[in-house]
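Engineer: Residue strings, one per chain:
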Amino acid sequence: MVPLWMFLLVAAALFCIGTFAVLSRRNAIAILMGVELMLNAVNINLVAFWRYGTPETMMGQAFTAFVMVVAAAEAAVGLAIIIAVYRSRKSVVVEEVDLMRG
Amino acid sequence: MDVCSINNIARCLVNSGFDPALAQFITILLGVVVVASFPLVVVIFLIWVERKFAARIQDRIGPNRVGPYGLLQTVADAIKLIAKEDITPAGADRLVYNAAPIMAVMSVLLIWAVIPFSPIHVGVDLEIGALYFVAVASIATLAIMLAGWSSNNKYALLGAFRVVAQLVSYEVPLVFALLVPILFASSMSMQDIVHAQSGMWFFFMAPVAGLIFFISSQAETGRAPFDLLEAESEIVAGFNIEYSGMKFGLFFAGEFMHVLTNGVLMAVLFFGGWLGPLVEQAPIILGPLYLFAKSTFWYLLSLLIRNTVPRVRIDQLMDFNWKFLVPLSIVNFVVIAVLLRLCEALGIAPAAANANDFVANIPQTLVLLLGNAAIAAYVLNRLRRAGREQRLAEAGRTLAAVGEKAAVAH
Amino acid sequence: MNVLNEWAFVGVFFALSWALPALPIVAAVFFSPKKANAIKLQTYECGVETVGDTWVQFKVQYYLYGLVFLVFDVEMIFLFPWAMAYERLDTFQFFAGIVFIILLLDVLVYAVKKNVLEWS
Amino acid sequence: MVELNAHTVVFAIFSIITLGGAVGVVWNRNLVSSSYWLIFSLFGVAGLFVLLSAPFLAAVQVLVYIGAVGILITFSVMLTRGMTQIKDVFNRQSAASGVVAVLLFVVLLVGVVLPVWGPSGALSSAPASDVVATTAELGVALVDGSQYVLPFELVSLLLTAALLGAIVIARDQDK
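Chains as they are written, first to last, in the working numbering: chain A, 6 to 107; chain B, 1014 to 1423; chain C, -6 to 113; chain D, 43 to 217.
To be clear, the hints were calculated from the coordinates, so they are not data collected in a lab. Ideal Cβ positions, reconstructed from N, Cα and C, are used throughout, including at glycine. Check each hint, because a few of them may be wrong.
List time: in silico BS3-like cross-link candidates among lysine-lysine, alpha-carbon distance up to 27 Å [claimed, not checked]:
#	chain 1	residue 1	chain 2	residue 2
1	B	Lys1065	B	Lys1097
2	B	Lys1093	C	Lys33
3	C	Lys106	C	Lys52
4	B	Lys1336	C	Lys28
5	B	Lys1097	C	Lys52
6	C	Lys52	A	Lys95
7	C	Lys107	A	Lys95
8	B	Lys1093	C	Lys52
9	C	Lys106	B	Lys1336
10	B	Lys1097	C	Lys106
11	C	Lys33	C	Lys106
12	C	Lys107	B	Lys1336
13	B	Lys1093	B	Lys1065
14	C	Lys28	B	Lys1093
15	C	Lys27	B	Lys1097
Partial list, computed: chain D residues near chain B (C-beta under 7 Å) [unchecked claim]:
#	residue
16	Ala54
17	Ile55
18	Val74
19	Pro97
20	Phe98
21	Leu105
22	Ile108
Distance windows between CB atoms, simulated [what the hints assert, rightly or not]:
#	chain 1	residue 1	chain 2	residue 2	range
23	D	Ile58	B	Ala1034	42 to 50 Å
24	B	Ile1133	D	Val152	48 to 56 Å
25	B	Glu1417	C	Asn30	54 to 62 Å
26	A	Arg94	D	Val152	36 to 44 Å
27	D	Ala137	B	Gly1104	30 to 38 Å
28	C	Phe23	D	Val210	30 to 38 Å
29	B	Leu1393	A	Arg94	14 to 22 Å
30	B	Gly1409	A	Val98	47 to 55 Å
31	B	Phe1058	D	Val144	52 to 60 Å
32	B	Ala1067	C	Phe23	28 to 36 Å
Same shape as in the complex, but just chain A:
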């Protein structure tokens, strides 16, 4: 088997790429994609630790399933917000959407 740290390494790299996307992209949908990447990095970690730690229990898989649901819900609501904002402001560039600024 591949040692555990290699999976963690891939997950860490994926997480950082996701972070970079979230912090640096201007487009709201691209930011959401970054969040999806980060959540998937978390999933890799959860499954890897489960496999190398306690593979005979159900913990890792159950948690991963819950994370997937949360990710899906987040994508659904996030994209809906983006569509709504686009409809009223004709823009999906995050810096231009500052309705809440005083």
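Given the coordinates of chain A, assemble chains B, C and D onto it according to the supplied hints.
Structural biologist: Then chains B, C and D, alone, in the frame of chain A:
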């Protein structure tokens, strides 16, 4: 085909001095080549069958020039398609444009990895076989999206959007119908699902689920009456408008293959797959024979529907799915789960020891069948009423219009 | 490691199911004539010349269908294992699953009531 | 340290798919391509799940991400048109975010992956056991009164709430 002898090959290779890992790899490769090329070869004849069938219904002769009875027509077509000029429209995303038709075929081909042909012949009997099938089939949606987007054509993109909306919609009842055999077999492995039917085929325990599965897989294939993706009269040709030559051919090959795959899946999930009399004695011959006899029935039914039922409008298509099939499939699943539980609680269900006994399964099947009949009766009644209301409303509108005209004329 | 052997088959199958359909496309590259010209390569939009961007404005309806589908699809993560474990469930566990499905049905009822699934 | 065998090679392929796809998501100017790179990357994650003996999660990953989330993202990209015209892909703080991401990676590498501050168990090369819980056990665990039944039902509510919210937000109010 012959996994048994392939197993022997692995041992032979190791014995004759091969590295065990390499021998294993060769074994796997052989198995894959056999399983994967099978549907590809069969589809060549299926296209001929389909064309002949359609021709007969339309009072034509159909292909009859190339080879006896026109059997080699498809081969000639393939050669023609290969020799045709291959046009990639300006502004297309070349890589994606080329990958999309391959993906369309791939998503169907991959399903065959888990189809059990006989008690011992199966590509691979995954623990999650049924889920694998759904997951792999959902790649087709992506392929169509890619094709529509990469063509750089408004009509293609619009067509792709419609098709994708259709495909994702009909995946919901498909999956709920698929859950019923999983529930009966308490397993997602295709082989287990077939074995669990040795007492009673699942179709007799859950005919409604079987029909929902058939209807929604017909829609997943994009066949008439759900063939909006190639509704020539409405959207030029749909998502594949810019495709020509072999790439266009691949989309079609994928579709034809999908129809057969649907038939095989119906046979495996609801009609006992390779099960049949004396199959244990001669699994190599009788298993695949039974499987294909059963799937041919569904295949021909699919052809019949395709050639006789008119196309529906997209709003009707969506209404039919979301307001009829999806609620029906969910309610049906719940009813069957509860009835099955009830049977066990009341002791009607066959004991584990004689689960394979036909007679022991009869009481439980009767209860489930009654539940199904109740659902079907309710649904048909509702449909009848809804249909009448619609007709009355239509008639009312026409009458009102006539009355108005008469008033104006006065 | 038995699981991985099974999936090795799927992996090889995956690779081959790319290669097999790609074969005729590659063959077509060698056998087909190449006489492209600008008119031939134009996008075909009923013979009318293409106007504007390919990305026309789409209806939000598509997104709503995708949304409802996503919810049902995600619930499958839980329903598949539940159906698979059916034989081992006791009454409480069984009805936990049924409640889950009924909550799911709510979604559909709401969506239909609000005319979300209406193609207009 | 790591022997070269089929397992390692497959791991390397899927890692490259995952990370390469992720980089494609970040760097692509065209958002549609970005979303396809995302699907590509998430497919790699599914492969990693198979390597970790979680085939159920791998299938679910393909089903949910490629079949549903990917399609949804593509739909919304098409719905919010005019984004191809955006000249700058990155905002003004992109350099700073790059530094932050790299720093984060170093911290994760040093603090978690490589046991600098004491053994973390991350270097163990072999799993604790080869007995892997099956998907049916997952099914039982999810609805078991002493395990996950509460989150299980809550997930249903969460999805209902998410759907209601998304529908209310995304619908055309004019009609």
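Engineer: Between B/Gly1409 and A/Val98, is the Cβ distance one that fits in 47 to 55 Å?
Structural biologist: 52 Å Cβ-Cβ, so the 47 to 55 Å window holds.
Engineer: So if I understand the rule, the pair passes when the alpha-carbon distance is 27 Å or less; does B/Lys1097 with C/Lys52 pass?
Structural biologist: Violated, because 37 Å separates the two Cα atoms, which is more than 27 Å.
Engineer: Could you check if D/Ala54 really has its C-beta closer than 7 Å to a C-beta on chain B?
Structural biologist: Since chain B brings no Cβ nearer than about 17 Å to D/Ala54, farther than 7 Å, the hint is violated.
Engineer: If I claimed the Cβ atoms of B/Leu1393 and A/Arg94 lie 14 to 22 Å apart, would that claim hold in this structure?
Structural biologist: 50 Å Cβ-Cβ, so the 14 to 22 Å window is violated.
Engineer: Compare the distance between the alpha carbons of C/Lys106 and C/Lys52 with 27 Å, and conclude whether the hinted pair is satisfied.
Structural biologist: 20 Å, holds
Engineer: Can you verify the interface hint for D/Pro97: is its Cβ closer than 7 Å to any Cβ in chain B?
Structural biologist: For D/Pro97, the interface hint holds, since the closest Cβ of chain B sits about 6 Å away, which is under 7 Å.
Engineer: Using the beta carbons of B/Glu1417 and C/Asn30, state whether their distance is inside 54 to 62 Å or not.
Structural biologist: 57 Å, holds
Engineer: Does D/Phe98 pass the interface hint, meaning its C-beta sits closer than 7 Å to a C-beta of chain B?
Structural biologist: Holds, about 5 Å.
Engineer: Using Cβ atoms only, decide whether D/Ile55 comes closer than 7 Å to chain B, and label the hint accordingly.
Structural biologist: It is violated, given that the least Cβ distance between D/Ile55 and chain B is near 15 Å, above 7 Å.
Engineer: Next pair to validate is B/Lys1093 with C/Lys52; report whether the Cα-Cα distance is within 27 Å.
Structural biologist: Violated. B/Lys1093 to C/Lys52 sits at ~40 Å, over the 27 Å cutoff.
Engineer: Less than 7 Å between beta-carbons is the criterion; does D/Leu105 satisfy it with respect to chain B?
Structural biologist: With a minimum Cβ separation of about 4 Å from chain B (threshold 7 Å), the hint on D/Leu105 holds.
Engineer: 42 to 50 Å was suggested as the range; check whether the CB atoms of D/Ile58 and B/Ala1034 agree with it.
Structural biologist: For D/Ile58 and B/Ala1034 the Cβ distance comes to about 22 Å; the hint is violated.
In terms of the numbered hints stated before, the structure departs from hints 4, 5, 8, 10, 11, 16, 17, 23, 28 and 29, listed from lowest to highest.
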